[in-house]
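Asks: Chain by chain, the residues:
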Amino acid sequence: MATNRLEWGSLMSTDRKHRAAGVSIEHLRKEFGEKTALDDVSLEIEPGTFLVLLGPSGSGKTTLLRCLAGIERPTSGSVAIRDQLVVGPNTFVPPEKRGLAMVFQDYALWPHLSVAKNVAFPLHKSSRTKTEAEAYVGDLLERVGIAPLADRFPNELSGGEQQRVALARALAADVGLILFDEPLSNLDADRREQLRIEIATLTREAGSTAVYITHDQSEAFALADRVGVLDRGRLVQLDTPEAIYRRPKNAFVARFTGIAGEFPVTALGECGPEHLEVALPFAPGQTVEALALDRPRPGVDSSLFVRASGVSLLAPSSPVGVYGEIRDVAFNGRGYEHVVEVGAATPLTKIYSPHRFERESNVRVCFDPSSCFVMDPMRGN
Amino acid sequence: MATLELDRPPTESRPPEVPSSHVQRLDARRRFSLGGVLIWVALALLIIAPVLSFLVLSVSPRMFQQGPEWFTLKYVAQAFQGYTGRGILNSLWVSSLVSVLAVAVATTLAWLIHRTNVGGRRLWAILMWLLLLMPTWMMTLGWSDLLRPFGAAQALGIPSTFLYHEFFGPMGIVIVLSAAALPFAYFIISAGLQGVGPEFEDAARIHGASRVRTLRTVLPIIAPALLSAIAISFAETMSDFGVAFTLGYHSHFPMATYALFNAIDNYPANFSVAAVIAAVLILSVIPPIALQSRVMRSRSYAVLSGRTRAPRRREFSRSGRIAATGAVALFFFVALGIPVLGAVGGSFIANLGIYSASGVHLTMNYYTQVFHPTISGKSLFAPLLLSNQLGLIVATGTGVLAVVLARRLVASRGGWSQRVTDVFLLGSVAVPGVVLGVGYIFFYNLTFISQHVANIYKTLPLLMLALVASALPGQTRFMSGPVSQIQPSLAEAARVHGAGRLRSWRTTNLPLMSRVLLWGWLLTFTKTISELAIAQILYPPSQEPASVTIQSYLANYDAGTGTAMTVMTLVEMLVVIAVALAIYRVVTPKGWRRIGWSGVRS
Numbered sequence: 086m087a088t089n090r091l092e093w094g095s096l097m098s099t100d101r102k103h104r105a106a107g108v109s110i111e112h113l114r115k116e117f118g119e120k121t122a123l124d125d126v127s128l129e130i131e132p133g134t135f136l137v138l139l140g141p142s143g144s145g146k147t148t149l150l151r152c153l154a155g156i157e158r159p160t161s162g163s164v165a166i167r168d169q170l171v172v173g174p175n176t177f178v179p180p181e182k183r184g185l186a187m188v189f190q191d192y193a194l195w196p197h198l199s200v201a202k203n204v205a206f207p208l209h210k211s212s213r214t215k216t217e218a219e220a221y222v223g224d225l226l227e228r229v230g231i232a233p234l235a236d237r238f239p240n241e242l243s244g245g246e247q248q249r250v251a252l253a254r255a256l257a258a259d260v261g262l263i264l265f266d267e268p269l270s271n272l273d274a275d276r277r278e279q280l281r282i283e284i285a286t287l288t289r290e291a292g293s294t295a296v297y298i299t300h301d302q303s304e305a306f307a308l309a310d311r312v313g314v315l316d317r318g319r320l321v322q323l324d325t326p327e328a329i330y331r332r333p334k335n336a337f338v339a340r341f342t343g344i345a346g347e348f349p350v351t352a353l354g355e356c357g358p359e360h361l362e363v364a365l366p367f368a369p370g371q372t373v374e375a376l377a378l379d380r381p382r383p384g385v386d387s388s389l390f391v392r393a394s395g396v397s398l399l400a401p402s403s404p405v406g407v408y409g410e411i412r413d414v415a416f417n418g419r420g421y422e423h424v425v426e427v428g429a430a431t432p433l434t435k436i437y438s439p440h441r442f443e444r445e446s447n448v449r450v451c452f453d454p455s456s457c458f459v460m461d462p463m464r465g466n
Numbered sequence: 006m007a008t009l010e011l012d013r014p015p016t017e018s019r020p021p022e023v024p025s026s027h028v029q030r031l032d033a034r035r036r037f038s039l040g041g042v043l044i045w046v047a048l049a050l051l052i053i054a055p056v057l058s059f060l061v062l063s064v065s066p067r068m069f070q071q072g073p074e075w076f077t078l079k080y081v082a083q084a085f086q087g088y089t090g091r092g093i094l095n096s097l098w099v100s101s102l103v104s105v106l107a108v109a110v111a112t113t114l115a116w117l118i119h120r121t122n123v124g125g126r127r128l129w130a131i132l133m134w135l136l137l138l139m140p141t142w143m144m145t146l147g148w149s150d151l152l153r154p155f156g157a158a159q160a161l162g163i164p165s166t167f168l169y170h171e172f173f174g175p176m177g178i179v180i181v182l183s184a185a186a187l188p189f190a191y192f193i194i195s196a197g198l199q200g201v202g203p204e205f206e207d208a209a210r211i212h213g214a215s216r217v218r219t220l221r222t223v224l225p226i227i228a229p230a231l232l233s234a235i236a237i238s239f240a241e242t243m244s245d246f247g248v249a250f251t252l253g254y255h256s257h258f259p260m261a262t263y264a265l266f267n268a269i270d271n272y273p274a275n276f277s278v279a280a281v282i283a284a285v286l287i288l289s290v291i292p293p294i295a296l297q298s299r300v301m302r303s304r305s306y307a308v309l310s311g312r313t314r315a316p317r318r319r320e321f322s323r324s325g326r327i328a329a330t331g332a333v334a335l336f337f338f339v340a341l342g343i344p345v346l347g348a349v350g351g352s353f354i355a356n357l358g359i360y361s362a363s364g365v366h367l368t369m370n371y372y373t374q375v376f377h378p379t380i381s382g383k384s385l386f387a388p389l390l391l392s393n394q395l396g397l398i399v400a401t402g403t404g405v406l407a408v409v410l411a412r413r414l415v416a417s418r419g420g421w422s423q424r425v426t427d428v429f430l431l432g433s434v435a436v437p438g439v440v441l442g443v444g445y446i447f448f449y450n451l452t453f454i455s456q457h458v459a460n461i462y463k464t465l466p467l468l469m470l471a472l473v474a475s476a477l478p479g480q481t482r483f484m485s486g487p488v489s490q491i492q493p494s495l496a497e498a499a500r501v502h503g504a505g506r507l508r509s510w511r512t513t514n515l516p517l518m519s520r521v522l523l524w525g526w527l528l529t530f531t532k533t534i535s536e537l538a539i540a541q542i543l544y545p546p547s548q549e550p551a552s553v554t555i556q557s558y559l560a561n562y563d564a565g566t567g568t569a570m571t572v573m574t575l576v577e578m579l580v581v582i583a584v585a586l587a588i589y590r591v592v593t594p595k596g597w598r599r600i601g602w603s604g605v606r607s
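Sequences listed follow chains A and B, in order. If you read the first sequence in my numbering, its first letter stands for residue 86, the second for the next number, and so on. If you read the second sequence in my numbering, its first letter stands for residue 6, the second for the next number, and so on.
These aren't lab readings, by the way, just hints derived from the structure by calculation. All residues carry an ideal CB built from backbone N, CA and C; glycine is no exception. It cannot be assumed that every hint is accurate.
[To be verified] Here are the simulated DSBU-like cross-link-like pairs (lysine-lysine), alpha carbons at most 30 Å apart as the crow flies: (1) Lys383(B) x Lys463(B); (2) Lys595(B) x Lys215(A); (3) Lys334(A) x Lys120(A); (4) Lys215(A) x Lys334(A); (5) Lys210(A) x Lys595(B).
[What the hints assert, rightly or not] Covered by chain B, per the in silico footprint, the following chain A stretches (three or more residues, Cβ under 8 Å): (6) 119-130; (7) 179-187; (8) 339-349.
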């Protein structure tokens, strides 16, 4: 659809990159009665960045987004958008003056307005004439694939179509900062994947800064330029998806971003500047190299955290690896995911292999040092 | 492509900046809600002070110079004896019986109309609203005009004298009050039934339950609605004044509300006994309403998610459908048709209710008397105009206050203020109009109040305030349901996408609430026009509302003119409803009319 892209591009502001908003949050705190939802959160978002805030339920990610939007009033701290202070001591700029758009978890489409009117809502302050606005909305709807539904009402649309309307409305605002509040959580798996790609593409094409919250780490890694991990109101780590995955700051981040298994280990010695050799308690005499994200301290237990991507399965006749037994196997389309018993208290899960190993069969399990970390298991708790 | 709403002049498109004028300067004082204080001051003057100061008299008449005792239970004992005692007892048993009868019939009707293929469902829904709007004194009048000797039934050659004597007693009172309480029960149970999707029945049947066991399994889902309907029917019946003032008085069957009115209408007025009766009325109504509220809060029958499918209707056979439709039609004929026909028929019968040797004759004379009276000189024109003015002001004022209060009630982060508002409004629903009226007479006649707060005793503003106070609690609760079901994210989305507070409310809340606002307004408007208790107690000299004028004709044995005035008032109310609905249809965009009561597609 090259033509569409051209029209789309011509309709968007020419200085789009300049419009992308930078955001600065400093020492933000939000309390609801005695509950602290946000605790001293500080972060900088560069213009044009796609930031994903990742965290479990109750971690404060929605509160942070709503404080940014102006829907919630923080207890203390400051927020600046485009270098303009919008939250600060004695300052609170209401949402409509902050120059942002938002895609809501429940879509928040007005049921009494048609699709076209929902999308046109943010245009009431724009310089476009009525005809230009209609054309603009028509192109946006075309772009998100729901142009034939312009005159329908929200209740006549499917969940995926409603989400596209919400996305089109946010893009229509053309304000350089779009907030996404778990926009895919109400959709089925197929639609989620499809819309995730469209959100990433359209938002980047629009040149907007995006702040997107989710509790799904795969969604976060797929979308983000940078990921912020929140735990109990605190921003635990803010980094690129790769860094979050490869060098989690603490056990919480490691666990929340997906591990195949976690075992108590004893360090035997150093292997280079960053790695340790650790003895596997379930495989006497077997050792594994692991990235030392925490230096084991005397009297403090350490754990080995293993990413699924760092575990490979070999035939039982292989000379390397520890012995394991397949407990379960599931076909996932491009291969097989296995659950492997290695003699530890808990089995390794989600171990991928292009080959199927049958249940109760023996295998050899190999660990990639780059996907194994040694950390204090209590750090971050 | 749909046309777009662009209601702002074009401006240069650029990244929004934040001018200093848009930055709200906050200080600690903003956290102290000025709005909340103003609301409570208004509620104190409207309801709390008049009612509480009046109730205090029941045990401490000296506090307001109504007797020598600082504390006494003498009036409590006095209130439970003789005429007033019988009135209290009668009200209690009649209300209990009426609440059970009303809920039984309402449940049957709700099931037939919402869960079967009975014919004329739209018509029945409209008629249920008309039944809700019909005041009890009008119903009483219609029945008595029909059944009285030489009345409408006799004009049609139907002997009715034996029924007339039965009607003027507990039976008639129970019939009229049941018909009046029924719409309240019906709307609550309908909501409960509509929320119960077929999946519950399907799940029970699939897992081997018989029809009876399925019913036993599914019925508890609407149990809260049934309990709620019983509570509200009881409360409505206990606080009714129209039947007590007309049918109860004429049939020598005292009821609590009339006994209260009687206590202050006699000379010398006995405010202390009246206060005891008022306390009994309030205390008897609070428990069922509180129970209803508790049940509805803890175990809402609206337990169902958005995945719930539309309820399945039971398909009657052709003959079954005719029978069911006939049964519903018969009900409406008895509850609504008979009183209306009785009143309309009676208004055309010369010498209505008076023996005439030459038989029954039809006449238009009463309608001539309505606006050009030659006998008493009291035309309906000025009172009806006054009632309409009162209705307009009271309905609009109540609507605005009710929206504000409903929003406070459903505010998500409820502090003590919201909880107190909730409990207070709940209690206020239980305050009958007659208690409020007498409370106003007493409170606003106090020297301190008339000299330092508001000197409005015996004026129209006092009547207006009392009518607003009477309508406000019910109206607020009527609106709080729909308000609570509007997702906050809709208004938040408007704000985030550039709409200010006013535009956000105008483009989001107003359309979603438009229908409930309209019906709430119409309900208050018509109830104000036909209101009797407060009007009878508080009307200023020579400024009678229509209901008082009509009652004065009926009390002075000019039943024909009184009936014609009643019919004209009823017609006028219906015309206003029709015009308001027509205007709503013409003026509002299509999208507004697609929205149901609770902000969802109707």
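Asks: Lysine 215(A) and lysine 334(A) were given as a pair; does the straight-line alpha-carbon distance stay at or below 30 Å?
Replies: violated, 52 Å
Asks: Within the assertion that chain B covers the segment 179-187 of chain A, do at least three residues meet a Cβ-to-Cβ distance smaller than 8 Å?
Replies: Holds, because 9 residues of the segment 179-187 of chain A bring their Cβ atoms closer than 8 Å to Cβ atoms of chain B.
Asks: Between the alpha carbons of lysine 210(A) and lysine 595(B), is the straight-line distance 30 Å or under?
Replies: holds, 24 Å
Asks: Between the alpha carbons of lysine 383(B) and lysine 463(B), is the straight-line distance 30 Å or under?
Replies: Holds, at roughly 20 Å.
Asks: Is the hinted pair lysine 595(B) and lysine 215(A) satisfied, with a Cα-Cα distance of at most 30 Å?
Replies: holds, 20 Å
Asks: Apply the coverage criterion to the segment 119-130 of chain A and chain B: a residue qualifies when its Cβ sits closer than 8 Å to a Cβ of the chain, and three qualifying residues are needed.
Replies: Coverage by chain B is violated here, the residue count being 0 at a Cβ distance below 8 Å.
Asks: Assess, step by step, whether the Cα of lysine 334(A) is no farther than 30 Å from the Cα of lysine 120(A), and give holds or violated.
Replies: holds, 25 Å
Asks: Counting residues of the segment 339-349 of chain A whose CB is closer than 8 Å to a CB in chain B, do you get three or more?
Replies: With 0 residues in contact (Cβ-Cβ under 8 Å with chain B), the coverage given for the segment 339-349 of chain A is violated.
Checked against the numbered hints above, the structure violates hints 4, 6, 8; every other hint is satisfied.
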